[in-house]
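Asker: Listed here are the chains, written in short residue letters.
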Amino acid sequence: MSDGVSLEARGLDKHFGNLHVTRSLDLGVSTGRIHALIGPNGAGKTTALSQMSGELRSDAGTVHLDGVDITDIDLPGRVDLGVCRSYQTSSPFPDFTVGENVALALLAAEEKRFRFFTRASADTGRRHRAEELLHDVGLDVDASTPVTALDHGTTRQLEIAMVLATGPSILLLDEPMAGLAPGEVAMLADLLRRLREKHGILLVEHDMDVVFSIADEITVLADGAVIATGTPTEIREDGNVQALYLRDER
Amino acid sequence: MSRIAPGRDGIPDETHVERTTWWRPLLITVLVLVLVGIAPFLVDAVGLGYLQRSLTRVVILGLAAVALDFIVGYGGLVSLGHAMFLALGSYTTGVLLVHLSRGEGLATGQALIAWPLSMLVGALFGLGFGVLALRTRGVYFIMVTLAFNQMMFFLFNTLEPYGGDDGVRLPERSRLGPLSLEADLTFFYVCFTLLVLTVIVFNILIRSPFGWVVRGARDNELRMKAIGARTPRYQLAAFAISASFASLAGALAVNESQFLSPDISHWTQSGELLVMIIVGGMGSLIGGVIGAGVLLVLEELAIDFTNNWQFFVGIGLILIVLVARRGVAGLLLGRHRNV
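Which chain is which? The protein sequence lines are Y and L, in order. Taken in order, the first sequence gives residues 1 to 250; the numbers are from this note's numbering. Taken in order, the second sequence gives residues 1 to 339; the numbers are from this note's numbering.
FYI, nobody ran anything at the bench for these hints, they're computed from the structure. It should be emphasised that the depicted structure is a prediction, and the values quoted were computed from it without experimental measurement. No residue lacks a Cβ here, since even glycine has one placed at the ideal position from N, Cα and C. Check each hint, because a few of them may be wrong.
[To be verified] Here are some, though not all, of the chain Y residues that point toward chain L, as calculated from beta-carbon distances under 8 Å:
no.	residue
1	F16
2	G67
3	D72
4	L75
5	S91
6	F93
7	A108
8	A109
9	R115
10	A120
11	M162
12	F212
13	D223
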């Protein structure tokens, strides 16, 4: 953890009305590691991720990036600092082509001043970087394809390319493999392994085979609280976790 | 994963944005503008010369509708307050003309001063109201802009030095540099030139990096923030730009009617601008001009046949919206979009 960047949540709390969705959560991820966040539906995984990305304000607790308190920095502000999230539901911009979606993410992240009178699509440097990113995530379609013409699997790849376009050091990925065919899951798992070299990844995921094969560390949430955290081997042997998942299967 | 070919089968046409013929929306834009440009001679040729003044109003309200379409069609922010920006432009230019006619100092009939000043006033009020209105979205945004509109309407009604709710006649129009605008045809072409410039400006804006962020925020504002854009800043700037051009239209409108009246700030005028872009085609820019033309010409024609013209105009509007979800511009564009 000495090199690279680390994102750390300390004692995060969140209520939605009477519902206590996050209970004094400690969670951290750093460059070179994949930290998976698992747990049954409604455990508060996405909420925790939203609190770490700056989308949701926490009732209590702090978030630190390399030790610096970034609790009061909002969603776009944290993107500037290199923390970027994806969403469970694919949400590319339907009005733009595949290449333009990535270019839009590039310009949203890098342009801090309004530019009114240049053509956004005329920036060939940005267009090439967008095509490179598409290539990096293994998406080999014509950049001028409308996003509405992509199937579910390729849309998920596009989502990752858009996150990478913001130049993040920490990726917060919310079920990137949801709804993918087995072959696609394997390819995306390979991609995450490759991305781990230069990024830290906090991964919310339901596919247990994937989680146990690629994660360096696993945290199990139930009803908003951490019930176990450790290496995949430790988690597999944890009595509480087994009970939780057996309960779910029964 | 899977390779896919663009434009494969099974893709619904409505969502399939065609990019190969990017020039088509621009061609339609140019054709509509050319048609408007030669319209004064066309109506003369077919013996409808009395429509001349309506054409000037088509151009002026078309300009305001194009500005409104920028934030509604491309920004997803439905404003029911644009009549107040029309009125702010009217009052800025009108008040200067009133004082000029009274022979008082600091007054001017010079359009080169009054019209940019009108745009500045519109932009400043747009920033002020925009900051507050943009704390909300959706239906609440519509309601807040409507509330500001009503507030300004009552304010204009109390301006006794300028006739209060009766308004006041303007003996003269603005002068554009050395050019007198008293001749209706001259005035038409000055307004037309400004309309063409406005259409060009907004067509550039929607293709700029700024416009991309505004359009992205329309479709998914949260996602736009999640890739690093501070969307409210962009939306505020877009709102102020739109307001500023609406105020330019207001400055022209008070010159057209030569009558400064708070009626132009009534919320139904905001509604009429919205109807224009719905009929003409939201998210096309040129649709605002088409809508203004259809609406005002329908009105003029129907009024000759019946006193209940609004009833028949209403039926016409329902038919247009039923037949063409994306308005008249949508019919002309087919699967294409102006982006």
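Asker: When the hints from earlier in the document are held up against this structure, which numbers fail?
Answerer: 1, 2, 3, 12, 13
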